[in-house]
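J.: Which chain is which? The protein sequence lines are A and B, in order.
This note's numbering puts the first sequence at residues 1 to 204.
This note's numbering puts the second sequence at residues 205 to 415.
By construction, these hints were calculated from the structure, which means they are not laboratory data.
Any given hint could turn out to be false.
[Said to hold, decoys possible] For lysine-lysine, the following DSBU-like pairs were computed, each having C-alpha atoms within a straight-line distance of at most 30 angstroms: (1) 257/B - 137/A; (2) 206/B - 137/A; (3) 92/A - 279/B; (4) 179/A - 257/B; (5) 182/A - 233/B; (6) 178/A - 257/B; (7) 179/A - 206/B; (8) 233/B - 175/A; (9) 175/A - 257/B; (10) 32/A - 257/B.
[As the list claims (entries may be wrong)] Partner residues are not named here, just some residues of chain A that face chain B (Cβ under 10 angstroms, in silico): (11) 9; (12) 12; (13) 13; (14) 35; (15) 39; (16) 42; (17) 52; (18) 64; (19) 143; (20) 167; (21) 170; (22) 173; (23) 174.
A virtual CB, placed ideally from N, CA and C, is assigned to each residue, including glycine.
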Amino acid sequence: MKAGNDKTMTDYQLVARAQSGELPAFEELVHKYQREIYGLACRLVSDAEEARDLTQQAFLQAFVHIRSFRQQAQFRTWLFRIAINQCYSYLKTRKKFGDPVDADEVNLTADDSPEREVITQEERQRLYAALARLPAKQRAVITLKVERGLSYEEISQVLGGTAGAARVNYCQALKTLKKYLKGEDDYEMAVRTTPAAVARIPRR
Amino acid sequence: MKWRCALLQRRLPEYLDGELTGFWLRLVKAHLEGCPQCRQELEALGQVVQALKAAPVEDPGPEFWAQFNRELHLKLAQTAHQAETGPAPQRPWQFRIPYYLGAPALAILLMVVFMYYQGTERPLPLAPQQQMTQAPKPSLPATMDEQVEESYVLATLDDGAGAAEMDEDFTTLDLDPVLAQLTEKEREDLLKRLRAREKDGSCVILPYSVS
Chain A
1 MKAGNDKTMT DYQLVARAQS GELPAFEELV HKYQREIYGL ACRLVSDAEE ARDLTQQAFL
61 QAFVHIRSFR QQAQFRTWLF RIAINQCYSY LKTRKKFGDP VDADEVNLTA DDSPEREVIT
121 QEERQRLYAA LARLPAKQRA VITLKVERGL SYEEISQVLG GTAGAARVNY CQALKTLKKY
181 LKGEDDYEMA VRTTPAAVAR IPRR
Chain B
205 MKWRCALLQR RLPEYLDGEL TGFWLRLVKA HLEGCPQCRQ ELEALGQVVQ ALKAAPVEDP
265 GPEFWAQFNR ELHLKLAQTA HQAETGPAPQ RPWQFRIPYY LGAPALAILL MVVFMYYQGT
325 ERPLPLAPQQ QMTQAPKPSL PATMDEQVEE SYVLATLDDG AGAAEMDEDF TTLDLDPVLA
385 QLTEKEREDL LKRLRAREKD GSCVILPYSV S
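Using the sequences and the accompanying hints, generate a full structural model.
T.: See the structure below:
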């Protein structure tokens, strides 16, 4: 295919050209998927600046290892997998060295969003805070399913495991998120017995 | 919560997405008609999904992407340049023996070990009694005439009961020196027991010289 028809080229052709060393073909793939990868990274790390760096890292890794991609899976899911691995590494480092992200500081949506009437800023903050409390894998599942529209089979290709496991994970993630949004966990925390309360119970 | 509700609530996200078909779709639909608790759960899950869809990550704008692409282009060009000009990395595994040669090598090794042990296999050490009587020719005489001087009792103790009855090991016993040491009564008793076992078929008494 000629260079003039690049816009109509499929992922398969672009990847094949990128594998032969053509940088413009890979950059075409970058333009195609950068928003999706950035959105995924934003959801996973809850930090816009880090998400930008992680997105660049993911594309660099993809470029370095593009020759090992055998086109058995979709390029998109392969890219998601690389990005999620980058995010997991970052989250692990952050957990180790400590860099808590305040949910109030996370502002990933512009104020002039058309969804403003539907969902208020306060609700959005609650949603982000609830998402940030989810385990990383559940956050990834929920983002891939709801925002990226991947099937359970594709999610299993990205995250590993089976399609059934992805389904169960998604279901669990939705339930947990619902619980966090409704504040049911606060109620559970209140009724949960504390060690001090247990100590006051007389033993027989 | 009933067990049926717990079971079907696991399918509610799929029901929301319209991915349920066939048996599960009919089951969930029928259950939802009669269970207000599950309908409430479905509604709550739907609200969560709607909230997620209504709050997507906003596009940061063209300036952000222009800057992003400039930086990424530089990094990609640098990586490509290093890949072209830099020495080709020689990975150590390229010089190793391919893993699939391991199986034949192991088979050859096992064969050599097996042949070594087959070739150097020695007979088990004989009992001192047998060594004395069996040397120098351990084989049985070919005809009955040749076994006047030496005689053997070959006994096969094939069951535990027989072994319990027989105190001595008669499997390779030279009967002549044994009989010679016994009194007449003991000799008759031993021979009687041996004959009884011969009738069972558990031993064979070859002719012996001492009468």
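J.: Could you work out which of the previously given hints the structure breaks and list their numbers from low to high?
T.: 11, 12 and 13
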